[in-house]
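Protein chains in written order, with the numbering used here: chain P, 1 to 373; chain Z, 374 to 780; chain C, 781 to 1119.
Keep in mind the hints are simulated off the structure, nothing from the lab. Virtual Cβ for every residue (Gly too), placed ideally from N, Cα, C. Mixed in with the good hints there might be a few duds.
With a Cα cut of at most 25 Å, we get these calculated PhoX-like pairs of lysine-lysine [unchecked claim]:
1) 987/C <-> 946/C
2) 1001/C <-> 333/P
3) 94/P <-> 916/C
Example chain C residues on the side facing chain P (calculated, C-beta under 8 Å, incomplete) [what the hints assert, rightly or not]:
4) 830
5) 832
6) 835
7) 854
8) 855
9) 859
10) 860
11) 862
12) 865
13) 872
14) 958
15) 965
16) 967
Each pair of labels, with its calculated beta carbon distance range [what the hints assert, rightly or not]:
17) 60/P <-> 625/Z: 52 to 62 Å
18) 852/C <-> 279/P: 12 to 22 Å
19) 551/Z <-> 81/P: 33 to 43 Å
20) 551/Z <-> 37/P: 36 to 46 Å
21) 540/Z <-> 988/C: 31 to 41 Å
22) 120/P <-> 429/Z: 37 to 47 Å
23) 407/Z <-> 266/P: 20 to 30 Å
24) 228/P <-> 679/Z: 55 to 65 Å
25) 90/P <-> 421/Z: 35 to 45 Å
26) 551/Z <-> 60/P: 30 to 40 Å
27) 620/Z <-> 52/P: 26 to 36 Å
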Amino acid sequence: MADTTATQRYEPGKHPELPPPRLASGPIYWVRENLLSSWYNVFLTFIGVWFLWTIVPPLLNWGLFDAVFEAADRAGCQALGDGACWAFISERYKLFIYGFYPEEERWRVILAFVLLFVALGPLLFDKFPSRGKAMLFSLAYPFIAAWLLLGGFGLTPVGTDQFGGTLLNIIVGVTGIAFSLPIGILLALGRASDMPAVRVICVAFIEFIRGVPLITLLFVASTMLSYFLPPGTSFDLLLRVLIMVTLFSSGYMAEVIRGGLQAIPRGQYEAADSMGLKYWQSMRLIVLPQALKISIPGIVNTFIGLFKDTTLVIIIGLLDILGMGRASLADSKWAGLSNEVYISIAVFFFLFCFAMSRYSLYLESKLETGHRT
Amino acid sequence: MASIDSTARSAQTDDGQRNIIARLWYDKETRSIILQIITLALLVAFIAYITTNAIANLKLLGKTFSFDFLNDPAHYDINQTLVEYSSTSTHFRAMVVGILNTLLVAFCGVILATILGFIFGVLRLSPNWLVSRIVYCFIEFTRNVPVLLQILLVHGIVVHLLPQPRVAQESANIANSIFFTNRGVFAPMPIPEAGFNIVIGAFLAAIVFAVVFAKWAKAKQDATGQHLPVFWICTGAIIGAPLLLYLMLGMPLAWDMPALKGFNFRGGFVIRPEFLALWLALAFYTSAFIAEIVRAGILAVSKGQWEAASALGLPRGRTLNLVIIPQALRVIVPPLTSQYLNLTKNSSLAIAIGYMDVVATIGGISLMQTGKEMETMIIVILFYLCVSLTISAFMNWYNRRIKLVER
Amino acid sequence: MKRYLLGATAALAMIGATAANAGTLDDVKARGELICIVNTGLPGFSFTDESGKWQGFDVDHCRAVAAAIFGDPNKVKYKPATGKTRFTILNSGEGDVIFRNTTWTFVRDVDVKLAFQGTNYYDGQGFMVPKKLGVKSAKELDGASVCIQTGTTTELNLADFFRSNKIKYEPVPIESNEEARTNYLAGRCDVYTTDASGLAATRATFKDPQNHVILPEIISKEPLGPATRHGDDQWSDIIRWTTNALVAAEELGITQKNVGELGAKATDNPEINRLLGTEGNLGGMLGLDKDWAAKAIKAVGNYGEIFDRNIGPKTPIGLERGLNALWTDGGLQYTPPFR
Chain P
1 MADTTATQRY EPGKHPELPP PRLASGPIYW VRENLLSSWY NVFLTFIGVW
51 FLWTIVPPLL NWGLFDAVFE AADRAGCQAL GDGACWAFIS ERYKLFIYGF
101 YPEEERWRVI LAFVLLFVAL GPLLFDKFPS RGKAMLFSLA YPFIAAWLLL
151 GGFGLTPVGT DQFGGTLLNI IVGVTGIAFS LPIGILLALG RASDMPAVRV
201 ICVAFIEFIR GVPLITLLFV ASTMLSYFLP PGTSFDLLLR VLIMVTLFSS
251 GYMAEVIRGG LQAIPRGQYE AADSMGLKYW QSMRLIVLPQ ALKISIPGIV
301 NTFIGLFKDT TLVIIIGLLD ILGMGRASLA DSKWAGLSNE VYISIAVFFF
351 LFCFAMSRYS LYLESKLETG HRT
Chain Z
374 MASIDSTARS AQTDDGQRNI IARLWYDKET RSIILQIITL ALLVAFIAYI
424 TTNAIANLKL LGKTFSFDFL NDPAHYDINQ TLVEYSSTST HFRAMVVGIL
474 NTLLVAFCGV ILATILGFIF GVLRLSPNWL VSRIVYCFIE FTRNVPVLLQ
524 ILLVHGIVVH LLPQPRVAQE SANIANSIFF TNRGVFAPMP IPEAGFNIVI
574 GAFLAAIVFA VVFAKWAKAK QDATGQHLPV FWICTGAIIG APLLLYLMLG
624 MPLAWDMPAL KGFNFRGGFV IRPEFLALWL ALAFYTSAFI AEIVRAGILA
674 VSKGQWEAAS ALGLPRGRTL NLVIIPQALR VIVPPLTSQY LNLTKNSSLA
724 IAIGYMDVVA TIGGISLMQT GKEMETMIIV ILFYLCVSLT ISAFMNWYNR
774 RIKLVER
Chain C
781 MKRYLLGATA ALAMIGATAA NAGTLDDVKA RGELICIVNT GLPGFSFTDE
831 SGKWQGFDVD HCRAVAAAIF GDPNKVKYKP ATGKTRFTIL NSGEGDVIFR
881 NTTWTFVRDV DVKLAFQGTN YYDGQGFMVP KKLGVKSAKE LDGASVCIQT
931 GTTTELNLAD FFRSNKIKYE PVPIESNEEA RTNYLAGRCD VYTTDASGLA
981 ATRATFKDPQ NHVILPEIIS KEPLGPATRH GDDQWSDIIR WTTNALVAAE
1031 ELGITQKNVG ELGAKATDNP EINRLLGTEG NLGGMLGLDK DWAAKAIKAV
1081 GNYGEIFDRN IGPKTPIGLE RGLNALWTDG GLQYTPPFR
């Protein structure tokens, strides 16, 4: 606008370069715009700075500057500094990761963990090389992992009571999700079925699962499940927990997949019908591939939730990472370091879950553009 | 021609009789019925199977299945009781205490989580970079750490950072009436005296008045377009009338002040650290999820709505009140329901820090003392199912109420 | 197909069909190890050291039983249990025996369907308070906050004690000993109450044990002992007589050191001979080897040695023998004759 009213005229391209608008960029502009744009904003900034000032320096002092990283016991820690005593964590971290898994067999845990990523690759990234064949490996993975971890067939058997620490969290989380997926799909289809009996059973099951807390189900696994088996049989506590966790997450999975099913336009179902496809054919070939693709972010979120919930197994006496941490605190050499233990476990979960939630966001944004345009 | 036709038909019927089962199978209706019958039969068989197993197992262990133990004395003490309870009360009473404690922490948790969640959600969208970043860090950290761990952490912080009662007597108090100790927060408790009933009556009457007045004002606005300051009048009536009466009657309310006697503060009312820790941890954890829901809800209202409202000349406050929030709520409420449900279910983690909720009383100590695993777990599960169904029913009703009515 | 096979075998490997009521010994032998239910962490009684190995008084008893059965004290799987889960673990057949400071009571014996096999530690419920509170007797605890482990007999004793003395208290229910310790030290409660042995064990882990006193009142009898499932008498006998053998060994002066020598050939003392299997075949009657008791003693020593090593006056726990001295020394530890 200003140009048209200016009196001075220039040949095209001859206009001298004007100075940039005052403070339209640069750090000062940024600060003014983002932190001090109004009295209300100034107030918020003030609160924020005050908050950081009271929280961050003491935390850094405690966790870093005054912390002790190497000592033989707690007294040694206290002699060296009055901050956190990370020496405890560095001495015990193997116990936190592997539980009581025999030391010489721990390579199997590492191998199973590495293979987990190999198996997840084709599922999570659609540009994975030769995805179809890799998918077969992914399907076989749970059994390979079970073999590696439990032993037998040439490997030294390891009892499930020796599983512990992070290993246990990952086993419970991954198994829960892997096995709940097919059950969840069936439940979601059943819920959308036009057979009333099937629908009612599925709805009742899903609502039951979603209505009770996981720990009551775990209590059922640890105290009541053996009542429902034929007299004289009992099976491994970990296996019972896995069954319960699978049932639990299948209820949530069913709802995630139901969301996916509902997002498929009616026309897709009708088109499949008009092609003469039978129910299972149309589901397998038309509906589910699309519905599952949309559901992946939801599935990842369910996994994050489930992974966090795996800590609840301590309430029935399994020693996961939190359980190992608390059990270690009973050692009189180190007793009283609960903050260090809890905080390091919190950091572990944060890193793990945050990474996964970022992945799920990335997927969401990818799927978003795919559908809108 | 006719004969050929009839032969064909008879062949068809023969074929039909031979394959009557196949025929039934290929008929969509019948097949669906058959499948349903099979499903039901399997379900019944499964239930029968586990029931017989359970009966056999109980018999083998010499146990009985009955809820009679609920009438036996519980023999243990509970530190936080909303109804009268002592160690001579029955297990049933202990269960009621536990249920009320669960409901209390869930109720308080839902309210605090909603308030915090809305504040965080709005701050997350704030143009202030610093605040929005801090809130972002808080939300991400809270969301991605197991709630059990957070409960333990908060409990540890409450118990370790707040002073012991003797120290609190000196330093950690507000006006010598509210004391912050690691045994809990002690505050004066109001005790109604004669005449206070009138104040309560006035309060109830004011609420009735407010409801009627709001309806009348709406009807008037619909008819004449005249807008009355309903909010201010109603608030004034609800707060003002009882307050005025209270002052006029000479403040008929005594305060039971907490005082340090022996080991602990006595008197007043107390929020115990277990409750505090559970309440705060659950509220913070859930508020992080609610904040994200609120943010998504506000972002979901299209910019055109803001512009349309300002084109109509609505000021910012009215725009929010009448245009943005009602639309955002429609997106916010359904996921909010499941967060409320989650909070209620997560309150069962109380057991980790010794808050005496329903899982810790009937499903914990009573189970241990009586050995009635089956009965107590059934009670606990039924309780949670009832709560969940009630919350979702209420939320469905609310959802329907604010649903978009297309005309 | 291969996948299914692998799956099926993996599942089979995990499902160990165990008979709930009979033939525990056969199951244990077939399994190749004993499953022992222990405390999740009580210093001196059962706890894990840095290498994750279980140690303690109760753990040594488990090792003795394993040694009696297999001749190898390391053939034990420890199943840590809280006060809440221990009985279910036993009754569902996931564990063979409880060695977890469990009090022998009427209801547990009769109604919870446990079979107690004697008493390996005579205990009583006590109170610990910080010295600076100046409390001299438990009856002065009116209005105090009391830390207590839930699901234990101590919880019921406590309620009875305060009710019968007509004084009030605030119970602070807590799941494990470690949490109780943390809460007590943080001042969440004024008093910690549990078995006197547990109090001593816990106090030993404090930075300043001398600043805490255990009050003189012992408000209950807490005979702690091993428990098995109802209805398997052979298995019960093995547990009972293995623990008895450890006491008998102390009576007879058999120690970890001299057991090899004494068990090599018959001695002049027929009682020692019967116990160590050089005369008669008591082990055979239990379904074990002749020298079962010798193996158990060889593995962990006699009762006195176990006591001294884990919780005795020379350890940080520092418990006196007291009631747990042999009956000949004025204590209660007494074993029926091996004959």
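Against the structure, the hints come out as follows:
1. 987/C <-> 946/C: Judged against 25 Å, a Cα distance of about 35 Å means the pair is violated.
2. 1001/C <-> 333/P: Violated, because 31 Å separates the two Cα atoms, which is more than 25 Å.
3. 94/P <-> 916/C: 45 Å, violated
4. 830: It holds, given that the least Cβ distance between residue 830/C and chain P is near 7 Å, below 8 Å.
5. 832: 5 Å, holds
6. 835: 10 Å, violated
7. 854: It is violated, given that the least Cβ distance between residue 854/C and chain P is near 12 Å, above 8 Å.
8. 855: 12 Å, violated
9. 859: 6 Å, holds
10. 860: With a minimum Cβ separation of about 6 Å from chain P (threshold 8 Å), the hint on residue 860/C holds.
11. 862: 6 Å, holds
12. 865: 5 Å, holds
13. 872: 4 Å, holds
14. 958: 5 Å, holds
15. 965: For residue 965/C, the interface hint holds, since the closest Cβ of chain P sits about 7 Å away, which is under 8 Å.
16. 967: 13 Å, violated
17. 60/P <-> 625/Z: 52 to 62 Å: 54 Å, holds
18. 852/C <-> 279/P: 12 to 22 Å: 60 Å, violated
19. 551/Z <-> 81/P: 33 to 43 Å: Since the Cβ atoms of residue 551/Z and residue 81/P sit about 36 Å apart, the hinted range of 33 to 43 Å holds.
20. 551/Z <-> 37/P: 36 to 46 Å: 38 Å, holds
21. 540/Z <-> 988/C: 31 to 41 Å: 19 Å, violated
22. 120/P <-> 429/Z: 37 to 47 Å: 43 Å, holds
23. 407/Z <-> 266/P: 20 to 30 Å: 28 Å, holds
24. 228/P <-> 679/Z: 55 to 65 Å: 58 Å, holds
25. 90/P <-> 421/Z: 35 to 45 Å: At roughly 56 Å between Cβ atoms, residue 421/Z and residue 90/P fall outside 35 to 45 Å, so the hint is violated.
26. 551/Z <-> 60/P: 30 to 40 Å: Given about 32 Å between the Cβ atoms, the range holds.
27. 620/Z <-> 52/P: 26 to 36 Å: Violated - the Cβ-Cβ distance for residue 620/Z and residue 52/P, about 44 Å, lies outside 26 to 36 Å.
Hint compliance for this structure: hints 1, 2, 3, 6, 7, 8, 16, 18, 21, 25, 27 are broken, all remaining hints hold.
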